[in-house]
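Start from chain A and add chain B according to the hints.
2 protein chains.
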Amino acid sequence: MGIVVVGTVAFDTVETPFGRGENVLGGSATYFSTSASFFTDVSLVAVVGEDFPDEHVQFLKSRDINTDGLQRIQGKTFHWSGRYGYDLNEAQTLDTQLNVLTQFRPNLPESYRDADYLFLANIDPDLQMEVLSQVRRPKMVACDTMNFWISSKPEALRRVLQMVDIVVINEGEARQFTGESNLVKAARSIISLGCKRLVVKRGEYGVLMFTADSVFAAPAYPLEEVFDPTGAGDTFAGGFMGYLASTGNLADDGIRQAIIFGSVMASFNVEDFSLNRMKFLEYREIESRFRRFKALTHFQGLPESI
Amino acid sequence: MGIVVVGTVAFDTVETPFGRGENVLGGSATYFSTSASFFTDVSLVAVVGEDFPDEHVQFLKSRDINTDGLQRIQGKTFHWSGRYGYDLNEAQTLDTQLNVLTQFRPNLPESYRDADYLFLANIDPDLQMEVLSQVRRPKMVACDTMNFWISSKPEALRRVLQMVDIVVINEGEARQFTGESNLVKAARSIISLGCKRLVVKRGEYGVLMFTADSVFAAPAYPLEEVFDPTGAGDTFAGGFMGYLASTGNLADDGIRQAIIFGSVMASFNVEDFSLNRMKFLEYREIESRFRRFKALTHFQGLPESI
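Protein sequences, first through last, are from chains A and B. All letters in the first sequence, in the order written, are residues 2 to 307 by this note's numbering. All letters in the second sequence, in the order written, are residues 2 to 307 by this note's numbering.
This is chain A alone, in the form it adopts within the complex:
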């Protein structure tokens, strides 16, 4: 089977200079699974409260996302509020109400435990570890995290980073976690923990992917209209893992293509609030933008010997 993702399903209240979305659908697992669903089968593990409307569950199902692992428990759904200024690069968190997230004990349905691909989206590293221990023999595991866990649970986070194949992390968080201001040094330091690849997300500046002996640089797609950057990182990760799972090509060339598919998906998602753009996105648009990424970055190499 395809990908299992554990993370959050949330309500977001988001303000940008271009508008406001109140109690809109959000959460790391939501963005990831919706994005990945354009490429492969996805099964979601998360928790919501009694207030979570069936309409949102129906949206996930309409994307063929397996929601057997979506627990609904007593209480309110996790709620994040944030605001972006004109540069749109960093959200200011206004309020975080964990609500049912504090009660979350992931327990994977039996059908999930043979997943080939596992994504541990941004969530308490102890929960990430618990999910990791429940999946039998994944071909590839990737994880994300955030500044909150770097400050509050650095040791638990370190244990997770030692167990995964690919770490996906923001530029600032890579620096924060390692205490290295130079990004190349920060990357070497994280890779030395044991993962094979580090994918550093740089917002409107794109992505750098490091291995022990190579680097790949992908730009972000230059957009004239960016309405809401919320979920861009998880949408990137969903496109990245989704494409990998669809091809099964885990060699460097396949992983580089997957980075571009992830970047394509993120570029669409920021064009509207919440997951609104995803609702009307078609696969031919994804391929068309992938081709534009090629045109965006292409230059002639030098002849073999001069």
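Misleading hints may appear alongside valid ones.
Repeated chains share a single entry, so a pair holds when one copy, or any two copies, can fit it.
35 Å max Cα-Cα, derived DSBU-like pairs, lysine-lysine [claimed, not checked]: (1) Lys186 - Lys280; (2) Lys197 - Lys280; (3) Lys186 - Lys295; (4) Lys197 - Lys295; (5) Lys77 - Lys186; (6) Lys140 - Lys295; (7) Lys154 - Lys186; (8) Lys62 - Lys186; (9) Lys280 - Lys140; (10) Lys77 - Lys197; (11) Lys62 - Lys295; (12) Lys295 - Lys154; (13) Lys295 - Lys77.
Hints listed in this document are in silico derivations from the structure and should not be mistaken for laboratory results.
Frame of chain A; chain B shown alone:
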């Protein structure tokens, strides 16, 4: 003949977390011409004071740079002092002593006036215009500028931007000049003034080049050691124009390669203080790093039809 550049030749006092350089050789025309000299003939137009040591002139001559247009007048050489923090992305200017720069009236030697390529480095836009009017029929003219002229002489700057083929500018300055927070919109706005191409420098995030109907994204080379970013932008421009002048290929593919050569030169220059790295740089190193840029950015495209 090759390139004529007008700009500053200066003393810099620079502090970074990795050291301090006091009264070292600097200036936009110095960085530009040294970088371009690896590719083509360069003739420099600038002014220095009586305190400017012959050793620096000899360095420029050792790079085969034509210094006939380097005026030496009474007074002190332009002196800039700045400091960089750990992120190395933006200099804090501590002191600017214009000195002889206030007396500068560029008067091009007759041999300069048939230049094919002209670079108007960062300097008073009225002086840029004066130099432009002295060159008879250049094949290509490019210019740079800085926040100081955007605030103090926006109209003179606008007249220059209307007269050149390529504008090279920092990301923040593109936003400042146009009042547009979105970079794609800012780029469209500058191009609408009349230039054919806009090259936006983004420091450690590389370069975006815009035309009316295309964008090219080039990353910066990921370096483990960056000692001094001073002059990176002018060194980039020197490699860019130098390579263009050496091939004469002003089609899009040639210009994209030139962007990479510019990025290569900038990546070397920041590896040491002042122009120290340039003193030992060899052409085979430049080509080798160009090839690494190819490896850094390459990914497989999709088949023609899927």
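Results of checking the hints against the structure:
With identical chains, the CA atoms of Lys186 and Lys280 are at most 35 Å apart between copies only, with a shortest distance of 27 Å across copies and 40 Å within one. Taking the shortest alpha-carbon separations for Lys197 and Lys280, only the intra-copy value of 34 Å comes in at or below 35 Å, while the best inter-copy value is 38 Å. Taking the closest pair of Cα atoms, Lys186 and Lys295 come within 35 Å of each other both inside a single copy (29 Å) and across two copies (22 Å). Proximity of Lys197 to Lys295 under the C-alpha cut-off of 35 Å is found in both arrangements, the shortest distances being 25 Å within a copy and 22 Å between copies.
Taking CA atoms no more than 35 Å apart as the test, Lys77 paired with Lys186 passes in neither setting, with 42 Å inside one copy and 41 Å between copies. In this assembly of identical chains, the alpha carbons of Lys140 and Lys295 lie at most 35 Å apart whether taken from the same copy (28 Å) or from different copies (30 Å). With identical chains, the CA atoms of Lys154 and Lys186 are at most 35 Å apart within one copy only, with a shortest distance of 22 Å there and 41 Å across copies. Proximity of Lys62 and Lys186 under a CA criterion of 35 Å is satisfied in neither setting, with 42 Å inside one chain copy and 38 Å between copies.
Taking the shortest Cα distances, Lys280 and Lys140 sit within 35 Å of each other inside one copy (30 Å), while across copies they are farther apart (50 Å). In the homo-oligomer, the alpha carbons of Lys77 and Lys197 never lie at most 35 Å apart, since the shortest distance is 38 Å inside one protomer and 56 Å across protomers. In this assembly of identical chains, Lys62 and Lys295 lie within 35 Å of each other by CA distance solely inside one copy; the values are 33 Å within and 42 Å between copies. Taking the shortest alpha-carbon separations for Lys295 and Lys154, neither the intra-copy value of 40 Å nor the inter-copy value of 39 Å comes in at or below 35 Å.
Neither within a single protomer nor between protomers do Lys295 and Lys77 lie at most 35 Å apart by alpha-carbon distance, with minima of 44 Å and 51 Å respectively.
In the structure shown, a violation is registered for the earlier hints numbered 5, 8, 10, 12, 13, in ascending order.
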